[in-house]
Each structure stands twice: as C-alpha cells, then as structure tokens.
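Asks: Residue-level listing of the chains:
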Amino acid sequence: MSRTMIILLALVAIVFAVSWAAKSASLDDQYDDYISRGFLITLAAFLTLSILSFLYKDNPFYKFAEHLFVGVSAAYWMSLGFWSTIVGNLIPRLSVTLSAFFKVPHIEDEYALYILPDKVSYFIPVVLGILLLMRLSKKAGWISSWPLAFIVGTTAGLNLVRYLRSDFIEQVSSTFVPLLVDWQGTGRFFSDFNLYAYGQFVTMLGNWVIFIGVLCGLVYFFFSKEHKGIFGGASRVGIWVLMITFGASFGYTVMGRISLLVGRLTFLFHDWLELIG
Amino acid sequence: MKFKMLLALILLCFVSAVSGFGQSAEEIMALPDSMAMAPPAPPSNVRGVDTDNDHGHSITLTWETSPDDGAGLNNVIGYKVFRAESPDGPFIERALIPSGGTGHIDVGAKEKDANDYLPDHVGFYYKVRAITADSLIYAESEVFGPVQSYGQWFNTGRVPVLVFVIFFLFVTLFFIQKAKGGANLFVRRLAGIEAVDEAIGRATEMGKPILYVLGLGTAADIATIASYTILGRVAKKVAEYQTGLIVPCYDPIVMTVAQETVKASYMDAGRPDAYYEDMVYFVTQSQFAYVAAVNGTMLRERPATNIYMGKFYAESLILAETGALAGSIQISGTDEIAQIPFFVVACDYTLIGEELYAASAYLGREPLLLGSLKAQDYAKAAAIIIAIIGFITMNFGIEAFKHLFYVSN
Amino acid sequence: MKRQIPLLLVLVFGIFMIFQYFVPHESSEWIYEFFLDWIYIIGIFALALGIWSLIRVSYDKIKYKKPNWQYAVITLAGLFAMILFGFDYGRHFFSAEGLSNYMFRAFFDYILIPIQATMFSLLAFFIASAAYRAFRARSLLATLLLVSALVVMLRFNPYFGPIGPYLEQTASWLLNVPNLAAKRAIIIGIGLGMVATALKVILGIERAYLGKD
Amino acid sequence: MTGWIPRIIAISGSDIGIIISLVVIGGGLAWLLKQSIKAGDVDRRIVFLFIFISVSVPILFPITFSETATPIVKKLYDRIENLPEGSAVLISFDFDPAMAPEVQPMADAFARHCLAKNHKVIFMSLWATGQSLLSTTLQNVVRPEFPEKIEGVDFANLGYKAGNEGVLNVIVTNFRKMFPTDVNSIPLDSIAVFKKIRSCQDLDLIISIGGGKPGAKEWILFVGDPANVPMGCGVAAVTAPQLYPYYPKQLLGILGGIKGAAEYESELVRHYDRFADVKKPGLRMMGPQTLAHVVIMAFIVLGNISYFVTRRRGKKP
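Chains as they are written, first to last, in my numbering: chain A, 531 to 807; chain B, -9 to 399; chain C, 25 to 237; chain D, 118 to 434.
These aren't lab readings, by the way, just hints derived from the structure by calculation.
Hints may be right or wrong, so weigh each one.
[Said to hold, decoys possible] In silico DSBU-like pairs for lysine-lysine, Cα to Cα no more than 35 Å straight-line:
1. Lys100(B) - Lys593(A)
2. Lys198(B) - Lys155(D)
3. Lys758(A) - Lys90(C)
4. Lys593(A) - Lys90(C)
5. Lys85(C) - Lys755(A)
6. Lys151(D) - Lys234(D)
7. Lys100(B) - Lys155(D)
8. Lys90(C) - Lys168(B)
9. Lys102(B) - Lys366(D)
10. Lys668(A) - Lys100(B)
11. Lys392(B) - Lys366(D)
12. Lys587(A) - Lys85(C)
13. Lys192(D) - Lys70(B)
14. Lys170(B) - Lys758(A)
15. Lys70(B) - Lys366(D)
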C-alpha cells in the first residue's frame, strides 16, 4: 500500500468519525436511536461518494462499495424470493406441516383440483426446480435441460402469439391513417399553424410523415435484398427517420437523468451535510 | 339545459317557500332530491346473452333507451342494471350507466369466494331502471330471463392472429425447404456483425480478453435466445484464436445456458482443455449492482472488445460509456427500443431491433436459419402491402379492410 | 435421448401455449396461470445456482489470491450477513417478519438504496460525456442525430424570445410524429423477429440455448 | 435581483450562486473553447466536473431563470386569472409519492393562484395515495399562506374515494351521491362551498394533476366532455405527449413536467408580489436542469469545434 493511500484512508476515517459524531449530535433530539442513525447516514453518504469517485478513476473505495453492493443485493433478492414466492405462494399450497412451520396460513386451493389431483400441480415446479439444480452434478447435469426446455417452450409459444398480435397486426393496422383530411377551406387549413398536432395542415403532415416513415423504416430492415435503387433510397430515408428519432429520444432523456443527480446531491447536501433547508 | 335547470330551481324555491317547510331557502337549494317531477318512461326491450369469446362469468345486456332520455321529459340521468336469480328477486344492483347508454357487460368474478362471483350455467334475471335526479322517481323495464353464462372453446375474435400464425409457419417452412435444397439466399451485410470477427482478431493481437454481456433478460426472452447463438459463435472464434472470454451474468438460468453454450463452442473448436467453468459467472440479480460489477471488470481487465447483446434497460449507457472510457471497441444489439439511442450514440456498432435476430442467422449461415430470415422479409413485404392497401381503402372511406385486422381481447 | 426429450418438451409446450391463446375457456386459463407460476418458482431454485456460482468465484479468488482478492471477502461478508438478516435467526425464526428485521431494513435503506441511486445517477454524467464524444457532424446520419437532440434539448433554454414557442413545438412534434413512425417500424420488425425466433425455437431449428449443437 | 447582470440574462437568486455559475462555468467553457481550438478533445473528467458544478451550484445557492410561459401553459393561467371571483375550481390529486416531485409543485401553484383570486377551491383525489399528498399541500401551502381562508367556506377537501372512473361517472351528475361528506365527515349540505354545486356541471374549471391512470384522460372522457366543463391538467413529463391531442379543445392547457411547473410559477411571481418569497420547487428544480442542459449543449458545440479543427489540421500536412 502506498503512502498516499494510507494518508487518504486515515483522512477518510477521520471525516467518517467526525460526521458520525456530528450527525448523531444533530439527530439527538429527534430520535432515540440517534447514534446508529448517525452512523447509517454517514455510511450512506460514504458509499454515495465512493460510487461517484469512480468518475475520476477506479479506486479502492469504489471497489469496496461495488463488492459490498454485489454481495448484499444478491442476498437481498434471494431473501425476497424465498419469503414472497416460496413461503408466500408455494408452501401454503403444498403442505399443512410446512405452513405451520413457517407460520403462514394454509390455503386449500380448490382450483388446483380442477386440473390435477390434489397438490400435484404445485409439486411439479418443485421437481423441475430440483432437476435444474442437478446441474451441479457432473453425471446428471444433462437432466437440467428439461426444466429449461419447459421454460423456453412455454415462453416461446406465449411470445409468438402475443408479439404477433401486439407488435405486428396491431401496429400495421394502426398505420391506416387518413392522409387527406376533409377540405374545410384555405382559411381553416392554414389557421392553427402550430405543431402541437391539431391544425388541419399539421395533422395531415403528421399522418404523411408517419405513413412514409413506417414504410421506409420497414424497408431498412429488409435483409435479403441489396439496398440499391429505389429500394436503397427508401431504406436511406428509413435510417434518417430512425436517426432523427434516436437524437430526439436522447435529448429528451437528459432531463430525467439530471433529476436523478439532483436527487443524489440533495441527499448529500440536505440529509447529510444539512447545508440547505 | 342550464336555463331549464335554473328555472326549475327558482320554481322549487318558490314552492318550498310557499309551502313553508320551516327551512331556509338556502338549505333547500342544497337538497335537490326533493324536486317533484313526473316519472320517465321505462327502458324497453331488455335482452341478455352470454358474452362471446370469453371464459364465462359474464353476460352482455342490451336495451332501448327510455323515450324521456334526451327527449320527451328529458329527466333520465342514467340507468341502473339489476340482477337476480329468480324473476321475483331479490334484485341486486350491478351497474350504473350514464344516460344515453344502451348496453352493459355484466362481468363477475370467476373465484367462488369472491364478492361478485357470477357462476356459469345458472339462470339469471335482469331488469333495467331509468333513474332521475330524484332517487324516488324512476321507471323499471320488464324482467328479462333466464340467461346463462358459459365459457367458449374458441375465441373467434382472434382469428386474424391464427391466420398470421399459419401464414408465417408456411412461409418459414417453404423457405427452409428451399434453402435445404441448395438455393442461394442472399443476406445483406450487417456492419455490426462483420465487426465481431475483426474485433476478436484485434483482441488476440492485443492479448486482451473479450467481454460478452447477455443483458438483463431472462433465459426465455427472445433477445436472450438470439444472444446465445451469437455468444456461441463468438466463443468458438475466441477458442480458435486462444483469446480470453469473460461472461458476467445477471440471471442464474441465463448463466447455466451460457455455460453450456460456451463449453460446446470450445469443444467444437477442438479446445475443450481451454474451457473453464468460471469464464461464465453469476454476479447478482440486481440491476445496478450488476452494472457496478461489470464496470469494475471493464476498468480492471481492460477487455479489447465489449459485446452487448440482449435486453438492456437504463444501464445501457453506463456500460457503454465505461467501456468507451476503458478504450474498448464496442458492439451492441438490443430490441429494447428505449435503449437503442444510447447504444447508437455510445457504441461503435449497433444492431437495431430486428437486426439482433437476423444476426444469429447471419453468423450461422445455416440454410435453416437463413430460410427463416427470408420468411421474415416476406412478412415485412406483406406488412408494407397491407399498410398501402389499408391506406388506400381508408382514404376512400372503406372501413371493412381495417376491420379484418381487428383482434378482440 | 438426452437431446430429443428437451426438444420434444419445447415443441409440446410451445404448441400448447399457442393453442391456449385461442381457447378462452376457464380450464385453458387455469393451465396458463399455473405455467406462469411454475416458471416463477423454478426461477427461485435457479437463484440458488447463481448464489452458488457467486460464492465459488469469490472463494476461488481468495484461495488463489487473485488480484483484488481482498474485496471478494467483502462480497462474501455482505452476502452472508444479508442472508442471515433475511432469514432472521434468533428473533423471528421462520416467519415472514424476517424481512422486517431491523438490520435487514438498515442494510436495504442505507447500503442498497444509496448505492443503487448513485449508480443510476451516474447516467447524468455519462449522458453528457456520450453527447460530447459522439454528437459530431461526421456524416449526414450523425448530423441528423446531433441536430434533433439539440432541438429537443433547447426546450430548456429560456432565452429564445419569440422563437421559443416554435422550438418547443418543433421538439414536441419530433417526439410525437417522426418518433411514432420510427418506433412503429422498429416494433413491427422486432415483432417479426420475435415471431420468427420463437417459431425456430419451437420447431427446434434454433437450439443454441440447449448448449451443444 | 436588481443588478444589471441578472436583468440581462433573466436570472435571479443568490448572488454567490450567480457569480459562481457565471465565473466558473462561463470562464471554464471559454477556456475549454481555447483548448479545443488548440489541442482538440478535452478529458472526459472535465465534462464530468462541469456537470457536477452545474447541478450542485444551483442546489446550494438557488438560482432561478426567468421562464416565459409557453402558450400551452399561459392559456390555463389566463383562464384562472380571468374567471370571476368566487368561481368554483376543482383540483384533483391523481398521483402517488413517486410522481410527487414532478407534479406536486403544480398542485401548489394552482392552489395558490386560485386562492389568491378568491376562487372557491375543491380538493379531491382519485388515488388512494393522493390523499396524503393533498394534505401536504393543504399543510404547507394553503394554511400557512392563506390563514384568512376558512375550510368549508373558501375551500373544501373531499379526500379520496375509491372507484376510479366510477367516481367520475357519478359526480358528473351528483357530488353528494359519491361524497355524502367531506374528508372530515361534515355533510356536503352544510359546507358553504357546495351550496351552489350539485354536480361537476356546476364547476367552472377542473384541473387534474397526475400522470397515471385514472388521470387527466379519464377526467376528459367521463367529466370534461359529457358535462362540458373546461379542463386543464398538470402531468409528468413522460405523459404530456399523450395529452397533446386534447389541447386546446378538451384541455385549456397542459403543464408538462417540472418545466411546466416552473413556467406556471414564474407567471405567478410576475403578477403576484405576495408569491415572491414562497418556495418554488418547480423553478428551483429548473436551475440545475437549465444549467446542465446549457453545459451539455456547450460541450456538443465544443466537441464539433475540436472535431473540425482536428480534421482541418489532419488535411493540411
């Protein structure tokens, strides 16, 4: 460990201790557990700064926060899955004894009987789950592809019809837009000359852009034909429209991202340092 | 309308003042329910049938509005639908429909213990009440019944989807047969995919590994499935060139599959000895913890190339910018529309949407995969033709064509 | 055998799910709901595989003293501490209150949330650096990207006086009209790609997900 | 506020903030311009530093840029401004805490404006989570800033009622059926605000604040259109584009995101001296937003300058 590193560590430790003390003191009159609260807020601020320090370069503080984050979050999701799915959903339907053990009310699921005898319908996923765990065994590892096949097959079938409907049929049919709006005279046509998409001219312009944009965009996605001639022209228009859209989406997202940073800095300046009211 | 109501109010004040209710005029104004009026004519012709194309537990009702709804006495403000298990009642209120309404779908719960459980195969009786602003003044239709609900075995409203499934299946099978027969199917170049080979070569020269990120999708997401194929291809090349490969995973099942895929590729390349299980490892199933770890890997291992293929969310830009910071060549592909702009901006090559799916066929060059790519193009051509026909019919005021594509729930 | 059964399972369940879509009857609905439940439950079992992989990779790092092995200790410590609090030994042994354990909450509120929010907020910096690096008028396409991003971002500039409203309008027009067209084209493409891939999976043509080819 | 610099660039707030942002960001960018012309690209960390400064300075030392209300906001403002005193305005809080940072400032601004104009205001919520946010507005804005206004006489709080569109369906013809009492269990008949109000048809303006479902769209479909009541709305930035088609026919105006809130607040400050010193979260949030956007745009320009300079240099030799 280099000398600068040691000095830096010591410095951070001192700042941490001072912040803990000061924070506890300032929370004294609000909470009973002010000492642990002071520590936790200081810890949160320290972790926030550790992550931000990554912007300068990779460093031990970032590595610390990163590794802690990975361990804690993995366990968090596992606990959540265990309590909400296994204990919350599965066990009450599976066994009376286990339900009593986990102190959850047993559910007599009459609809399970509707299809399969007794509780078989809830033992199947357990069996499949255990088959999946067989992966860890060298000999029987191949059997873990069965539950996988079940998941992939089911989802593939589900996605096939679902996307065919929502991403294909409905999107194609919503392209049927009137490109000519009933003529209501020149005055009406050019009044409301405003791009908030309600004036007559603007509605028509919008519909044309949408119609041609969709067609050209689709042409761009043709794979089995060389993009040449008219076809190439349409595909070029298609990629223009795509690029304009990507730029606009990018520009639009900036606002939301800045808000996130505002939130984080407000935590540092307000909750931790108490610089602002 | 407003004028009439004002008139009624004035009249009301007058009447109540004269009859001397012992209340101040102000208080009466706040109590509109005591307005005296003639009862409206009842709604007529109430009919009920089982709701079509559903799982049962639902009955569709229609009726004709009261003559005093919007005309005549003009005092109907809505309709109440009542249901009972016998013609004599007791009737329970099921719905309130604003004036002008001529129908209602009475949907009940399918769970037996639910409050508004509506059993199948049980006769029900309905009546409709035209209501006025005064809760005491109303008119009821005749009772209709019995009517039963039951579930159907085929949803006719979804026929368009079925037609397309069959169409797609046939076109795909046709082109696969054709491709098997040796027909040469042309596929245009995809810069992003051609860059993959180049990038692997570069990594070998630099003696640095390749980082492959499968995204946040689950094992069954189509984007992830497409990504496995590309991973298999990349892993094979990597094994041949003897470069390193790092595959951090977000989903444990995806990890399992990726391990199999990479292992198989190393075997194919004739280098099973170079494969080790921890090339592909699980990080955590938490979006930003995963990103934090991958970011750290990028800056510490300095991979020559980062490949991102699959489902990505807000983390796309964090990954791509860190990768650029580490000086890696970056190739990305996702079907997550909101993230495509960020990949396009921050990566060297990006496969946009469908190109990701095409990539697996392009890389494989197998007739089977190419055949289905051809089928995709034909479906696209069909989409364009349908859109043009739709636009023409639409602009000539023919709505029927559009209705062909209407899919009910 | 080892190869055929999974492919058969995929075919059977895939076709079943397609048929299920066209059958509104209750029984088909129940099976559908069960299948989704099952997938969820299997996923939890799979998580154990993941945690196992995480522990093994970290353990190897420590055992062979690989670079940065010290940090693997932190990962493992965090993991086991959180698992312990999550299952709440000692206080509410085996009850759903495990998740309301004081330490579990504290780890969540003061470690997970701050780091997560800060990682997310890094986007504010990266969106700027990406814009700086990539929005250059190198080609026509890059210029289109650049100009439309600028137009939309200019909404946030209050000093354009009379042309301000027009900028605002152009920006929202860009977001409403061409955006709709491009998204629709991409969605139709994606829809087709998905359908084709799903079909390939069901028919057993695309089988990379099963490992060996 | 009164110095010449602020007047020229339409900026107000703490002097330190203005000086720091002008000197550091302006000076820094000028220096970077020189750098870019001379030496090409700058280090990415400098970009990060600028973003950090441009966001943190306005948080620490509040800076507000004067916003000019765009027509879509101004029209709604003008409607509230021009309604005769004592008109009935309903404000519905259709959002949850997650959306609150973006839309609560709008709710506060509308409440201020209506009460300052002596309109009778009716507060309600279609979202269960909206009721506590409604109380927040009452507690932080209405009661401290308008101590002279009496609940029941000048404004009323109906609270939350379950039923989503169903609620709307009923109150369009009768308030009392859905809300026999207000949130404090006082019968509507004994609340002065409701003396002349039987249904939504008697309202002069309805404002829905939110961004989800039920929200402005449902208000239009179930109340605004059938009862022919003028409507306005304030929604999260992501929802705003979906509502543009309703403007200006069904919606008098739309406040979209924090920017819409800021525009409305600035319009209020311009016309009402009493609001000069109240908290204006919309304008305050706009400080970091505007500065950061300007900085990013400046960097895009710098990037292009250095690109063209490098390219020209590359061609010459």
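Asks: For each hint, tell me whether it holds in the structure or not.
Replies: Hints, verified against the model:
Proximity of Lys100(B) to Lys593(A) is assessed by CA-CA distance (about 53 Å); at most 35 Å being required, the pair is judged violated. A C-alpha spacing of about 34 Å is found between Lys198(B) and Lys155(D), which places the hinted pair at or below 35 Å, so the restraint holds. Using a Cα cut-off of 35 Å, the hinted pair Lys758(A) and Lys90(C) is violated, with the two alpha carbons roughly 54 Å apart. With a C-alpha separation of about 15 Å, the suggested pair Lys593(A) and Lys90(C) falls inside the 35 Å cut-off, and the hint holds.
With a C-alpha separation of about 51 Å, the suggested pairing of Lys85(C) with Lys755(A) is violated against the 35 Å cut-off. Between the alpha carbons of Lys151(D) and Lys234(D) the distance comes to roughly 53 Å, so the proposed pair goes past 35 Å and is violated. Taken as a hint, the Lys100(B) and Lys155(D) pair is broken in the structure, with Cα atoms around 74 Å apart against an allowance of 35 Å. Pair hint Lys90(C) plus Lys168(B) does not hold up; C-alpha atoms about 53 Å apart against a cutoff of 35 Å.
Pair hint Lys102(B) plus Lys366(D) does not hold up; C-alpha atoms about 46 Å apart against a cutoff of 35 Å. Restraint check: the Cα-Cα separation between Lys668(A) and Lys100(B) comes to about 47 Å, which exceeds 35 Å; the hinted pair is violated. A threshold of 35 Å between alpha carbons decides the hint, and for Lys392(B) with Lys366(D) the separation of about 28 Å falls inside it, so the pair holds. The suggested pairing of Lys587(A) with Lys85(C) holds, with an alpha-carbon distance near 23 Å, which does not exceed 35 Å.
At roughly 39 Å between alpha-carbon atoms, Lys192(D) and Lys70(B) are farther apart than 35 Å, so this suggested pair is violated. In summary, the hint linking Lys170(B) to Lys758(A) is supported, as the alpha carbons are separated by about 28 Å, within the 35 Å threshold. Among the hinted pairs, Lys70(B) with Lys366(D) is consistent with the structure: their alpha-carbon atoms are about 31 Å apart, no more than 35 Å.
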